[in-house]
Each structure stands twice: as C-alpha cells, then as structure tokens.
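Peer 1: With the hints as constraints, model all of the structure from the sequences given.
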Amino acid sequence: MSFKKHKQLLNHELDQFNTLLGEILPRYVLLVRKDDCSAQELTELGEIEHYLIEVNSKIANIKNRLDQDLFGETMDLYYKVKAEAEKGNVKAKKKFEQLKASLHASIKGDMFFNWN
2 MSFKKHKQLL NHELDQFNTL LGEILPRYVL LVRKDDCSAQ ELTELGEIEH
52 YLIEVNSKIA NIKNRLDQDL FGETMDLYYK VKAEAEKGNV KAKKKFEQLK
102 ASLHASIKGD MFFNWN
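Quick note: the sequence shown uses our numbering, first residue 2, plus one each step.
Take the hints with a grain of salt, since some may be wrong.
[Said to hold, decoys possible] Dumping the calculated DSS-like pairs for lysine-lysine here, alpha-carbon to alpha-carbon at most 25 angstroms:
{"id": "1", "residue 1": "Lys81", "residue 2": "Lys92"}
{"id": "2", "residue 1": "Lys81", "residue 2": "Lys59"}
{"id": "3", "residue 1": "Lys109", "residue 2": "Lys81"}
{"id": "4", "residue 1": "Lys83", "residue 2": "Lys94"}
{"id": "5", "residue 1": "Lys83", "residue 2": "Lys96"}
{"id": "6", "residue 1": "Lys96", "residue 2": "Lys81"}
{"id": "7", "residue 1": "Lys92", "residue 2": "Lys6"}
If you're looking for bench data, these hints aren't it; they were derived computationally from the structure.
Please read all numbers here as calculations on a predicted model, not as lab measurements.
Peer 2: Right, here's the structure in full:
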C-alpha cells in the first residue's frame, strides 16, 4: 500500500476517533457535574471514566512510540551525515551543519527536533 493510501486511511481513522470521542466526552462531563446521579448513571460514569483512562493510556503509548521512532531516526541520520562529512563529502558537510544548527536550536528551545 502506498504512503498516500496509508495517510488517507490513518486520517480517516483519526477523524472517526475524534468524532466518537466527541460523542462520549459530553456525556461524561454531564454525569460528572450532575449532583444526584442514579445508580445506573453512576455505573455508566464509572465505565466511561475507566474507558477514557484506557484511551488516554493508548494515546500516550502511541505518542511515545512516535517520539522515540522520530528521535531515533533523526539521530541515525545525524550520525550518518556526520560520518560522511568527516570523510570530506562536501554535500554531507553542508547538510551536517544544518542538522547541527537544528540540534542546537532544538536543545536550547527545549522542543522536539524537526529537521525535514
């Protein structure tokens, strides 16, 4: 499957997820703010809360995986380009200087690397 198709499918899934979450959250907020919940509503509130905690954990895992994969690939690129630059490759030297400047700016700015 092509990247374009993967991107389309992933965007569709994320949009669907966001829509469904948008349907669940208002009910959760309503039940949390309600003063006199019935036993059935308290059960529903507990189920929703448990599920939202589970969803939050899954989202955090996805974000961590993305961050780690992006960081790992970025550092791999950095050291490969550095090695080529040290061998005298002029194009690699120029790219390495750009990468190095981005790395320093990212570290000073306490933000994730974006070297594309």
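Peer 1: Compare the structure with each hint and give your call.
Peer 2: To see whether the hints hold, each was checked on the structure:
no.	hint	verdict
1	Lys81 to Lys92	13 angstroms, holds
2	Lys81 to Lys59	33 angstroms, violated
3	Lys109 to Lys81	23 angstroms, holds
4	Lys83 to Lys94	7 angstroms, holds
5	Lys83 to Lys96	9 angstroms, holds
6	Lys96 to Lys81	11 angstroms, holds
7	Lys92 to Lys6	33 angstroms, violated
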